[in-house]
Amino acid sequence: MIEVLASVLLIAGSVIVLIASIGIIKLPDFYCRLHAAGVIDTMGSWLVLGGLLLLSGNLVNGFKVAIIGVLLFFIAPVVSHAIARAAIEYDADKAEGKDG
Amino acid sequence: MADSMDIVYLISLLILLFALACSLVRAGLGPTWFDRILAVNSFTTKSILAISVYFFATGHPEYIDIALLYALISYVGSLAFVSYFNQNRSGVGDNGGTTGRGDHQ
Amino acid sequence: MGQLINVVMDLGLLAMLVISALMIIRNHSPLTVAILSGIYSLVICTLFVIMDAVDVAFTEAAVGASISTVLIMAVVKPGDEPVLKASWPSAASVFLGIATGLLLVYGTFDMPWYGDPSAPIHHHLAPRFLGQSGTEIGIPNVVTSVLSSYRGYDTLGEVVVIFTAGTAVLILLAGDLPVEDKSRVVVQLASNSIIKTILIRIIPLVILFALYVQFHGDYGPGGGFQAGVIFGAGLITHGLLSGSGKMLEVINEKWVTIGMASGVLIYGFVGVAALLLGGEFLNYSVLAESSTTGQHVGILIIEIGVGVTVAFTMISLFASFNRGRP
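Chains as they are written, first to last, in the numbering used here: chain E, 1 to 100; chain B, 1001 to 1105; chain H, 2001 to 2326.
Calculated from the structure, these hints are not laboratory results. There may be inaccurate statements among the hints.
[What the hints assert, rightly or not] Far from chain H, some chain E residues (derived; all Cβ distances over 12 Å):
| id | residue |
| --- | --- |
| 1 | L5 |
| 2 | I16 |
| 3 | P28 |
| 4 | D29 |
| 5 | F30 |
| 6 | C32 |
| 7 | L71 |
| 8 | V78 |
| 9 | V79 |
| 10 | A82 |
| 11 | A95 |
| 12 | E96 |
[Said to hold, decoys possible] Label pairs and their calculated CB-CB ranges:
| id | chain 1 | residue 1 | chain 2 | residue 2 | range |
| --- | --- | --- | --- | --- | --- |
| 13 | H | L2125 | B | E1062 | 21 to 31 Å |
| 14 | E | I25 | H | H2122 | 20 to 30 Å |
| 15 | B | T1032 | E | L5 | 40 to 50 Å |
| 16 | H | G2107 | E | E96 | 32 to 42 Å |
| 17 | E | D29 | H | L2011 | 31 to 41 Å |
| 18 | E | E96 | H | K2077 | 14 to 24 Å |
| 19 | B | E1062 | H | V2075 | 35 to 45 Å |
Think of the CB as a built atom: it goes at the ideal place given N, C-alpha and C, for glycine as much as any other residue.
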């Protein structure tokens, strides 16, 4: 029973990661691709790691998997924010005419 | 039941491998540097997931420290890029950087 | 089924390795090459994982994801001219490359198959290490026991190499910058920005993880080298967020250089202590009453020495590369 649920979560998470990755290739602009990449870090990783959490045997492995999920949940959006800010300032500087 | 679990692991790893290839394509194609940094970032996250699934598939879940290390360290490369990019551009000396505009947050 | 997973992952990752290497070769701009080499490092780390070399993958992950990218980004500007203009190779060099490659492939036909248990390398010293490590040294991680005890002399050489590299960078980058660079004003992150608020609070977790890896190296993947790199990455984050001047306020530059040297001295002192207690150089069995306790004590202390040298070398490299910035 647990294995069925974990399999569903694993496959669903992998499919969501795949869909977001196809989005990274096909979307037209950098800022649109940033939206697609954000899906991978939060939804995709939580589904996959949730499936692995159900499959972990003892408490220590489950704790490590949960810690990975929590860290990805907090750090990855901050990194996306940092990249987006740098991109906005670069584009604004280019629009103003400063070379870069 | 263990055999069907193996098939699930194999399918999941194949899908994640294909997603990794997609990130690689974007890193090669992306016209600006930001596209490439985005691709490296998502490559890191997907390889964390792939390594975790692989260790569970081969029956050694105690080695998952590597994925934990990646989750902790992966931001340093992108942070270095962001910290240095606006400072290092030619012609920008005084108003570049990440507090240049919009200090209203 | 496990074999199938291994084969599939091996083929897919090797193909991605070749493609990323070709992308690095064919690209013009140095900043792009710096970003793409991050992907190369990630792919090779995952390959090491598939090959069951967990400790090597650990070190590759720690170094490739953080330290090498930070050091390259400090010097590469977006507007840099490419050093060599990428162009199509001439017919003679293509022919030479393909001929050499085919000769090498022909040369591998005499080698044993990948992972063959009857290969000569598995019959020389490896059975002794794998068989006797449990009784002679008694720690679960055989990689650590081989690295620290059976081949401890080689590891002493590696630590001295890291120390020498750090010293060489200090010599090359010593002194002040020329006058026109001093006028470059550098703007740092605002202290209430999202990036700084969250990432500053991740640094204690990174340092805690470094200590965990350092002392857990006997029982799982890890050890002194990886722990030093992770510790250095944590402090380098502080340097990236608040400026390398603030990072050097946390640890003084004088103490950084003292730290680099003291790790090597700790390692050498363990060896000399073994000499003084009646054994050979770096024979840990004489360090305590029973032989295995002596091995445990010796491995613990030399791993601390390795971690200290590597951590302070990373900090010193970052500080040297950022000498012009506040």
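Going through the hints against the structure:
1. With 12 Å as the threshold on Cβ separation, the claim that E/L5 sits away from chain H holds: the shortest Cβ distance comes to roughly 21 Å.
2. No Cβ of chain H comes within 12 Å of the Cβ of E/I16; the nearest lies about 20 Å off, and the non-interface call holds.
3. Every Cβ of chain H is farther than 12 Å from the Cβ of E/P28; the closest lies at roughly 21 Å, confirming the non-interface assignment.
4. The claim that E/D29 lies off the interface holds: its Cβ sits roughly 19 Å from the closest Cβ of chain H, which is beyond the 12 Å cut-off.
5. No Cβ of chain H approaches the Cβ of E/F30 within 12 Å, the least distance being about 14 Å, so the stated non-interface status holds.
6. With a least beta-carbon separation of about 20 Å from chain H, E/C32 lies farther than 12 Å from that chain, consistent with its non-interface assignment.
7. For E/L71, the condition that its CB be more than 12 Å from all CB atoms of chain H is violated, with the nearest at approximately 8 Å.
8. Not every Cβ of chain H is farther than 12 Å from the Cβ of E/V78; the closest lies at roughly 5 Å, contradicting the non-interface assignment.
9. Its beta-carbon lying about 8 Å from the closest one in chain H, E/V79 breaks the requirement of being farther than 12 Å from that chain.
10. The non-interface label for E/A82 is inconsistent with chain H: the shortest C-beta to C-beta separation is roughly 5 Å, within 12 Å.
11. Every CB of chain H lies more than 12 Å from the CB of E/A95, the least distance being 17 Å, so the non-interface label holds.
12. Against chain H, the non-interface label of E/E96 holds: every CB pair exceeds 12 Å, the least being about 17 Å.
13. The hinted range of 21 to 31 Å is satisfied by H/L2125 and B/E1062, whose Cβ atoms lie roughly 27 Å apart.
14. Between E/I25 and H/H2122 the beta carbons are some 44 Å apart, a value that contradicts the proposed interval 20 to 30 Å.
15. Hint check: B/T1032 to E/L5, Cβ distance near 42 Å, so the stated range 40 to 50 Å holds.
16. The hinted range of 32 to 42 Å is not satisfied by H/G2107 and E/E96, whose Cβ atoms lie roughly 59 Å apart.
17. A hinted range of 31 to 41 Å holds for the C-beta pair E/D29 and H/L2011, which are about 34 Å apart.
18. Restraint check, E/E96 to H/K2077: a C-beta distance of roughly 20 Å satisfies the suggested window 14 to 24 Å.
19. In this structure the supplied range 35 to 45 Å holds for B/E1062 paired with H/V2075, their Cβ-Cβ distance being about 39 Å.
Hints 7, 8, 9, 10, 14, 16 from the earlier list are contradicted by this structure; the remaining hints agree with it.
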